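Q: The listed protein sequences derive, respectively, from chains V and H. Using my numbering, read the first sequence as starting at 302 and increasing by one per residue. Using my numbering, read the second sequence as starting at 0 and increasing by one per residue.
In case anyone wonders, no lab produced these hints; they're calculated from the structure.
Derived DSS-like pairs: lysine-lysine, alpha-carbon spacing no greater than 27 Å straight-line:
| # | chain 1 | residue 1 | chain 2 | residue 2 |
| --- | --- | --- | --- | --- |
| 1 | V | 472 | V | 494 |
| 2 | V | 663 | V | 518 |
| 3 | V | 606 | H | 179 |
| 4 | V | 344 | V | 606 |
| 5 | V | 518 | V | 472 |
| 6 | H | 179 | V | 344 |
| 7 | V | 494 | V | 518 |
| 8 | V | 371 | H | 199 |
| 9 | V | 371 | V | 663 |
Just a sample of chain H residues kept apart from chain V, beta carbon distances all over 10 Å, derived:
| # | residue |
| --- | --- |
| 10 | 14 |
| 11 | 78 |
| 12 | 309 |
| 13 | 328 |
Small disclaimer: the values here were computed from a predicted structure and weren't measured. Glycine included, every Cβ here is placed at the ideal spot set by N, Cα and C.
Okay, here's what each chain looks like letter by letter:
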Amino acid sequence: MKLKTILMGSAIAGVSSMAFAQDMASDMTLVSWGGAYQASQQKAYVEPYLEMNPDVSITWDESSAEAVAKLRAMNEAGNITWDLVDVVASDAIRLCDEGLAMEIDFNEMLAEGDDGSSAEDDFGDFIVSDCYIPQIVYSTAAAYRPDLLPEGAPAPDSICAFFDTETYPGKRALEQRPINNLEWALLCDGVAKDDIYDVLETEEGQDQAFAKLDTIKDDIVWWSAAAEPPQLLADGEIVMGSSYNGRWFSAIEEQDQPFEMLWDAQVFDLDGWIIPTGLPEDRLARVMDFVRYATDTQRLADQAKYISYGPARASSAPLVGDHAELGIPMGPHMPTAPENSENVFVYNYTWWADYRDDLDSKFQAWLAQ
Amino acid sequence: MTDATADELIVDKGTPPLWGFTVPMSAAMGGFFGFLAGNTADNGLMGFVIGLIYGAVAGFVLMSFVPNRTAGRLGLIVLTAVVGFVLGTWGGAVAGIIVGAVVSWWIYWIGRGDYRSGVPIYATAGQTLWHNTYLFICGFIFFFLIAPIITIIPLSFNAENFFTFTPEMLALDPDGYSLKHYRDFFSNSDWQSAMWNSLKIAPVATILAVGFGTLAAIGLSQPHVPFRRAIMAVLISPMIVPLIISAAGMYFFYSRAGLQGTYLGVVLAHAALGIPFVIITVTATLVGFDRSLTRASANLGADPVTTFLRIQMPLILPGVISGGLFAFITSFDEVVVVLFVGSAQQKTLPWQMFIGLREQISPTILAVATILVAISIALLTTVELLRRRSERLRGLSPS
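Same shape as in the complex, but just chain V (with noise of 0.2 Å):
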């Protein structure tokens, strides 16, 4: 097999990386989301390489959000652009099943964990596609603003807060989709976190979701960009969102924002690289080089002193230490600390991309009633 070549080649070109720099092309297009999270990418891994590889350049799209519609239209032209594209679970499981993304043989491909652990187990669970190489475990959290509750309201301490508006009046941001909004609608409506997926896959589960959403969608300004909630919550327009960890980190200890976390009923989500397939050899060698690099114990772990996103390798979290400009422990910060994590919402990727086409309809609907 040729690709099998070329692979054995790629993984002894990241032991002796001079040897076969030859094959290898020299300009590589990464696609990330931009923002914080593209900036930790930057400094933990990429400028490093590059450090390494003086000859090669590095070039950024900020696509991710359009991932999946862009690698389709560069299929059918003909003419794939991207090296490699990060995106979140959902995205690669889809673009896997369509043969878009490249199937990633872990053990050979990737390096070990320091703990001398194959990459396969230090990855472990987190492994949830043949074509995914997970990077950052981040969550779906709420924060709010202390000094906007009513007078004498206790902070609140649970994702319920949403939907209780006569303890917490004012406006609230949740993202718009139907994803994670329906499982905390049923979760506030008395249903079992265990029971969630079982009742919403009933007509009558889905109708009782959107009901609970209805009794506050009167109050509900919709996101669509991660960093909205922010910017609306430091605008007072909000007193309560929902958004990416990270994006509250940054605000709340990078821009000394009056926020809170609420950690409570956080959903885990998975962001990480896919390769696109059909690219050429030399193109290929490159790319396998610096993923195996940027993905390895130390980087990973290296990626956490810019963003409060853990790192999906187990060997990589003893190494997570203290924040690069600020110097607070970014541990406490992480989503899967112990004292944030206690009432985790586990978010069912397989259940939604068989669900999904057909609940984002029904969320379009009921949005426009």
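Let chain V serve as the given structure and place chain H on it in line with the hints.
A: For chain H alone, kept in the frame of chain V given last:
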């Protein structure tokens, strides 16, 4: 005293009844501002009532005891500013000056019967009302067009990383303002490379658009060209077809041609978008162009190229330049086509703004927007000056 005579003249024209008209109208205007001010303190109704009283009292006092307009207006402005300062320090004082200026202007405008000065003396109340409503609607449209653009300018000097008028900014505290977003724009490598990409793409696209567009316009203005209208329609189509359709079409076509994701591809795509503007402006200039000049030139022995360069080009130059400016702005502001046809290496300024807005709402975007607004104003001023020059030249040309 000119002031007094002017006042007498207006009084002669008829002063509306004080209690039946002036005081209620003043109260209404006061109530409007009171409602706005009240809402900032979360009590619109209370503000409305206070505003009503403020407007009514001001209307009565100014009309009955202060015949001198300048003194009356100044008095109300100072008084309102002082009240504003007590309620909300410097920010409140500024708001007070604005409210005082508008309300006092309104009171004299209503109370002196100036609102009738735009209509003939025999106009009915309905006609007068319509005339002023019409002016008001025009003003309103201007406000809605301009206000969003004006708002971003002070926000771009925000000292915080959010799109927020902070309390420090509203209090006009210098600490609330900073140039850090401008510094970020000029020091951040992403923004700088985006700006250089834009500056590399736009001029080349403009030159191509101007060259092809001018030739097309001159050719299509010849009466003997067959299918002139059909050819014109095809050339103008990029302006009429929804941009997203052109962009998707270009994406697939350029991919097959190996131009997708290349500098040349983006330049060609932008040139295609710019050509219609050049054709339209040059065609418009050619309407006033006197063909006997080219015949005279040929008669004197000049070949067509010399005639074009020495006779025709100088006269249509203003149209060519303004078309070129439109083509430049089109390329410089364009985001849809470049997202499809370009790759990350051709990331232009609007593309970078689009990303910034979606992924990370940073006021650097506002700083860039302010700079772009300034550039656009400069370019459009140039267009306007050229248009005037063109009219002057046309007035001089023999016909």
